[in-house]
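> In case you want the letters, here they are:
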Amino acid sequence: MDKNISFTLKIWRQRGPKVPGAFKEYPMKDIPGDTSFLEMMDILNEELINKGEEPVVFDHDCREGICGMCSLYINGYPHGPATAATTCQLYMRRFKDGDVITVEPWRSAAFPIIRDLMVDRGAFDKIIQAGGFISVNTGAPQDANGILISKKVADRAMDAASCIGCGACVAACKNGSAMLFVSSKIAQLNILPQGKVEAGRRVKAMIAKMDELGFGNCTNTRACEAECPKSETIDNIAFLNRDFIVAKLKD
Amino acid sequence: MANIDSKIPEGLLAEKWSNYKAHQKLVNPANKRRLDIIVVGTGLAGASAAASLGELGFNVLNFCIQDSPRRAHSIAAQGGINAAKNYQNDGDSIYRLYYDTIKGGDYRSREANVYRLAEVSNNIIDQCVAQGVPFARDYGGTLDNRSFGGAQVSRTFYAKGQTGQQLLLGAYSALSRQIGKGTVKLYARHEMLNLVIVEGRARGIITRNLVNGKIERYSAHAVVIATGGYGNAYFLSTNAMASNGSVAIQCYKKGAYFANPCYAQIHPTCIPVHGDKQSKLTLMSESLRNDGRIWVPKRIEDAKALQEGKLNPNDIPDDQRDFYLERRYPAFGNLVPRDVASRAAKERCDKGYGVNNTGLAVFLDFKYAIDRLGEDVVRARYGNLFDMYEEITDVNPYNNPMMIFPAIHYTMGGIWVDYELQTSISGLFAIGECNFSDHGANRLGASALMQGLADGYFVLPYTIQNYLSDQIQVPRFSVDMPEFVAAEKEVTDKIEKLMSIKGEHSVDSIHKELGRVMWECVGMGRTKESLEKAVLEIDKVKKEFYSSVRIPGNADDLNVELDKAIRLADFIEVGRLMAIDALNRNESCGGHFREEYQTPEGEALRDDKDYMYVACWKYTGEDSEPELIKEPLKYEFTEVKTRNYKV
Numbered sequence: 001m002d003k004n005i006s007f008t009l010k011i012w013r014q015r016g017p018k019v020p021g022a023f024k025e026y027p028m029k030d031i032p033g034d035t036s037f038l039e040m041m042d043i044l045n046e047e048l049i050n051k052g053e054e055p056v057v058f059d060h061d062c063r064e065g066i067c068g069m070c071s072l073y074i075n076g077y078p079h080g081p082a083t084a085a086t087t088c089q090l091y092m093r094r095f096k097d098g099d100v101i102t103v104e105p106w107r108s109a110a111f112p113i114i115r116d117l118m119v120d121r122g123a124f125d126k127i128i129q130a131g132g133f134i135s136v137n138t139g140a141p142q143d144a145n146g147i148l149i150s151k152k153v154a155d156r157a158m159d160a161a162s163c164i165g166c167g168a169c170v171a172a173c174k175n176g177s178a179m180l181f182v183s184s185k186i187a188q189l190n191i192l193p194q195g196k197v198e199a200g201r202r203v204k205a206m207i208a209k210m211d212e213l214g215f216g217n218c219t220n221t222r223a224c225e226a227e228c229p230k231s232e233t234i235d236n237i238a239f240l241n242r243d244f245i246v247a248k249l250k251d
Numbered sequence: 001m002a003n004i005d006s007k008i009p010e011g012l013l014a015e016k017w018s019n020y021k022a023h024q025k026l027v028n029p030a031n032k033r034r035l036d037i038i039v040v041g042t043g044l045a046g047a048s049a050a051a052s053l054g055e056l057g058f059n060v061l062n063f064c065i066q067d068s069p070r071r072a073h074s075i076a077a078q079g080g081i082n083a084a085k086n087y088q089n090d091g092d093s094i095y096r097l098y099y100d101t102i103k104g105g106d107y108r109s110r111e112a113n114v115y116r117l118a119e120v121s122n123n124i125i126d127q128c129v130a131q132g133v134p135f136a137r138d139y140g141g142t143l144d145n146r147s148f149g150g151a152q153v154s155r156t157f158y159a160k161g162q163t164g165q166q167l168l169l170g171a172y173s174a175l176s177r178q179i180g181k182g183t184v185k186l187y188a189r190h191e192m193l194n195l196v197i198v199e200g201r202a203r204g205i206i207t208r209n210l211v212n213g214k215i216e217r218y219s220a221h222a223v224v225i226a227t228g229g230y231g232n233a234y235f236l237s238t239n240a241m242a243s244n245g246s247v248a249i250q251c252y253k254k255g256a257y258f259a260n261p262c263y264a265q266i267h268p269t270c271i272p273v274h275g276d277k278q279s280k281l282t283l284m285s286e287s288l289r290n291d292g293r294i295w296v297p298k299r300i301e302d303a304k305a306l307q308e309g310k311l312n313p314n315d316i317p318d319d320q321r322d323f324y325l326e327r328r329y330p331a332f333g334n335l336v337p338r339d340v341a342s343r344a345a346k347e348r349c350d351k352g353y354g355v356n357n358t359g360l361a362v363f364l365d366f367k368y369a370i371d372r373l374g375e376d377v378v379r380a381r382y383g384n385l386f387d388m389y390e391e392i393t394d395v396n397p398y399n400n401p402m403m404i405f406p407a408i409h410y411t412m413g414g415i416w417v418d419y420e421l422q423t424s425i426s427g428l429f430a431i432g433e434c435n436f437s438d439h440g441a442n443r444l445g446a447s448a449l450m451q452g453l454a455d456g457y458f459v460l461p462y463t464i465q466n467y468l469s470d471q472i473q474v475p476r477f478s479v480d481m482p483e484f485v486a487a488e489k490e491v492t493d494k495i496e497k498l499m500s501i502k503g504e505h506s507v508d509s510i511h512k513e514l515g516r517v518m519w520e521c522v523g524m525g526r527t528k529e530s531l532e533k534a535v536l537e538i539d540k541v542k543k544e545f546y547s548s549v550r551i552p553g554n555a556d557d558l559n560v561e562l563d564k565a566i567r568l569a570d571f572i573e574v575g576r577l578m579a580i581d582a583l584n585r586n587e588s589c590g591g592h593f594r595e596e597y598q599t600p601e602g603e604a605l606r607d608d609k610d611y612m613y614v615a616c617w618k619y620t621g622e623d624s625e626p627e628l629i630k631e632p633l634k635y636e637f638t639e640v641k642t643r644n645y646k647v
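Note that the protein sequences, when read in sequence, are chains L and C.
For the first sequence, the working numbering begins at 1 and goes up steadily by one.
For the second sequence, the working numbering begins at 1 and goes up steadily by one.
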């Protein structure tokens, strides 16, 4: 059985994008170890509401690690101390009695704060809109088994496609680069025969959009892959760079 | 009593959809540009519909409550998607997929709809592969399949344990392409709060911008709702936190019939409830039942010892384990449909054989699969699910059996639609889980993804044109029309009412109370008494809500508690409707199990003579009970039998 723990939360509170924010401390008592981090935040908010205060605003939805909505920067790590897990998959048993737990939003020029711990990640959608797709209309494509794809290639594409678009890579990067996110989509689509037709166009369009939206450059610090909840690797970035150079050379 | 016209086309079952398409009216390309369509929701159904309609040239306005279309809860579907490809040469066919779905739904769905679903299932797989969905493949490069409950063939396509994610990202990429092209305009973090009807037709919606609290009006020639199910009425479910039934209730209150609200699916393999602070229940994919064996101890003493934590499950020898699904249903074993598996687990736990400290859990054991296949194969098949289980429970499922228990997962009931997916309000369409159409009283595994994408890619883009073809002369509507002003006022009045209560209870605390009533009285086993009690208790919850809810902050601002309060107000309505419908249906079928109506072996006992109909509920006002309208179900092409998974 998990033990109950008591600790102090130090949470970033900020009314809006242009208003200065500050940390506020909240003592938490007797939280069971099998409570998830977000359930612990629910307990805090319940207490705040009962006191007549406004709850801490944070993004969350599926609470099973797949929607990519939750986005807390805990004790200096996007999604907290657990590896290969989202914030909602983090359980309080990982913390100790008496800890001070610092909770911040994703911090990046391209992800403006909306309120408290909630940020605007619309820039990711814009990058996908620029080219993160295969140009095929709904209709009657060939039979699905008409395109043979080796298991190795299909598995590689699946690994890259596991990205949940949470933005932890951007939050972890000192340059605020979106390269792991962009390259994961590129690696998925450009490795598949269906996606090769427009591979060059795709990589150029997505990188141009990424630059335009204010994301930084990649300097290979690998902070992104260390923090990615879906274990995307910088092999994707190497893949992207190769496709980008090939596309540019063809111009 | 109002007449119900489900608009089923003439002809033989296999010819109906072709006949329909051959004779329906279409809209020419030049006119499509002049027609606006609102699509609410960006899950599998909403995103695929918005993308396909945009590709066709319509002007689409697409709304979602999350920060991005990619977050919709379709993303969490794990196991797979069915299609009648028969790639495995194991005897599958469109007819067999149709038959399994009709039978799985306990003969409470429409023949023509289900046949069409099976028919277009193959197109979905082709479409998704063309989009770059990385389905699992065999070494030769062809697609791989697995089996799911309720079927004796392997027809389920999958992408690891993340099939919903990959299908949704496929639809999202198609949608994003259209947004980039300008045919679809996206409104993220916008919640629909009312439907606008002009001269009897759906012509627009009222939304709340969830970032700044602004109430906004949007007009269109047709409105499509794709807003998912209402399972969160139970508070604890496998749904996402923001999943809600509010749009369905808004449309119901404007005259759309709500069909079969009592059909809720309880998924047999979820991680059991722990503590009272839990916010949601996590599903473990049904695909686990391919290789996991479900059991409880044979001896009650062993169960007691497990409950007290004095016995390790691995110390119970095989001959002292009761593999109750294999025992009761030899032909389907651990792969019986969800309703059957859930009830069987409840039956064992009710008798005292539950295996955790609350007595509300059974084992799902992979020891046998690991012995047979090796740990590496099991890891390759289910690795991510095992990791998830260990993260949540702190138990390693490679060494110890998983503990599972049923939980609310999906709602088969929903807004009534005809064959064209049009509701009883002209110009209002409902697709995906939010309609009632294809799953009858129970949905088979891997069929939700199939239905969402069938509706969005291959059905609605045709059928909506039959409606829009005579709308081409209708100019765009001004949102200053009195109907829009009135609909907005309903919304602002409602919000003002909620904000002015200033009570002492949080939204969640009242929601938990509703959830408790729903689970206890309208849950897996229902009785006349429990349902009558539910109606009274829900009325009490409603009273408590409207007199004591506390919403901090302001209405004209970002306000998460207000968002939740509006949704809870509608969950209360939907919960009551579920109880009333369940009370009316004096039979057991699929996910609806009335304890009074069961066979001596404990199986569901249908009453085809009196209840072979779709129960459509019509709203009659705030203070009066809804009116029941029956759509009879006619089985012309299929022999109706008692469902049997034993032989």
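Since the hints were derived computationally from the structure, they do not count as laboratory data.
Hints may be right or wrong, so weigh each one.
Calculated cross-link-like contacts (lysine-lysine; reagent style DSSO-like; alpha-carbon spacing at most 30 Å) [as the list claims (entries may be wrong)]:
no., chain 1, residue 1, chain 2, residue 2
1, C, Lys277, L, Lys29
2, C, Lys181, L, Lys3
3, L, Lys24, C, Lys214
4, L, Lys126, C, Lys181
5, L, Lys10, C, Lys494
6, L, Lys18, C, Lys310
7, L, Lys126, C, Lys16
8, C, Lys489, L, Lys196
9, L, Lys51, C, Lys277
10, C, Lys304, L, Lys126
11, L, Lys250, C, Lys214
12, C, Lys542, L, Lys204
13, L, Lys24, C, Lys512
14, L, Lys248, C, Lys181
15, C, Lys502, L, Lys126
16, C, Lys502, L, Lys24
17, L, Lys204, C, Lys214
18, L, Lys51, C, Lys512
19, L, Lys3, C, Lys32
20, L, Lys10, C, Lys277
21, L, Lys151, C, Lys367
22, C, Lys185, L, Lys29
23, C, Lys540, L, Lys18
24, L, Lys51, C, Lys497
25, C, Lys502, L, Lys51
26, C, Lys540, L, Lys51
27, C, Lys304, L, Lys3
28, C, Lys181, L, Lys24
29, L, Lys51, C, Lys494
30, L, Lys152, C, Lys497
31, C, Lys540, L, Lys196
32, L, Lys96, C, Lys310
33, L, Lys51, C, Lys253
34, L, Lys96, C, Lys494
35, L, Lys51, C, Lys542
36, L, Lys3, C, Lys494
37, C, Lys497, C, Lys367
38, C, Lys351, L, Lys29
> Work down the list of hints and note, for each, if the structure agrees.
Status of the hints after comparison with the structure:
| no. | hint | in the structure |
| --- | --- | --- |
| 1 | Lys277/C x Lys29/L | holds (14 Å) |
| 2 | Lys181/C x Lys3/L | violated (54 Å) |
| 3 | Lys24/L x Lys214/C | holds (29 Å) |
| 4 | Lys126/L x Lys181/C | holds (12 Å) |
| 5 | Lys10/L x Lys494/C | violated (36 Å) |
| 6 | Lys18/L x Lys310/C | violated (58 Å) |
| 7 | Lys126/L x Lys16/C | violated (41 Å) |
| 8 | Lys489/C x Lys196/L | violated (52 Å) |
| 9 | Lys51/L x Lys277/C | holds (19 Å) |
| 10 | Lys304/C x Lys126/L | violated (57 Å) |
| 11 | Lys250/L x Lys214/C | violated (49 Å) |
| 12 | Lys542/C x Lys204/L | violated (56 Å) |
| 13 | Lys24/L x Lys512/C | holds (29 Å) |
| 14 | Lys248/L x Lys181/C | holds (24 Å) |
| 15 | Lys502/C x Lys126/L | violated (40 Å) |
| 16 | Lys502/C x Lys24/L | holds (25 Å) |
| 17 | Lys204/L x Lys214/C | violated (38 Å) |
| 18 | Lys51/L x Lys512/C | holds (19 Å) |
| 19 | Lys3/L x Lys32/C | violated (62 Å) |
| 20 | Lys10/L x Lys277/C | holds (21 Å) |
| 21 | Lys151/L x Lys367/C | holds (27 Å) |
| 22 | Lys185/C x Lys29/L | violated (46 Å) |
| 23 | Lys540/C x Lys18/L | violated (44 Å) |
| 24 | Lys51/L x Lys497/C | holds (21 Å) |
| 25 | Lys502/C x Lys51/L | holds (12 Å) |
| 26 | Lys540/C x Lys51/L | holds (25 Å) |
| 27 | Lys304/C x Lys3/L | holds (24 Å) |
| 28 | Lys181/C x Lys24/L | violated (44 Å) |
| 29 | Lys51/L x Lys494/C | holds (25 Å) |
| 30 | Lys152/L x Lys497/C | violated (59 Å) |
| 31 | Lys540/C x Lys196/L | violated (60 Å) |
| 32 | Lys96/L x Lys310/C | holds (28 Å) |
| 33 | Lys51/L x Lys253/C | violated (35 Å) |
| 34 | Lys96/L x Lys494/C | violated (45 Å) |
| 35 | Lys51/L x Lys542/C | holds (23 Å) |
| 36 | Lys3/L x Lys494/C | violated (44 Å) |
| 37 | Lys497/C x Lys367/C | violated (57 Å) |
| 38 | Lys351/C x Lys29/L | violated (38 Å) |
Hint check: violations occur at hints 2, 5, 6, 7, 8, 10, 11, 12, 15, 17, 19, 22, 23, 28, 30, 31, 33, 34, 36, 37 and 38; the rest are consistent with the structure.
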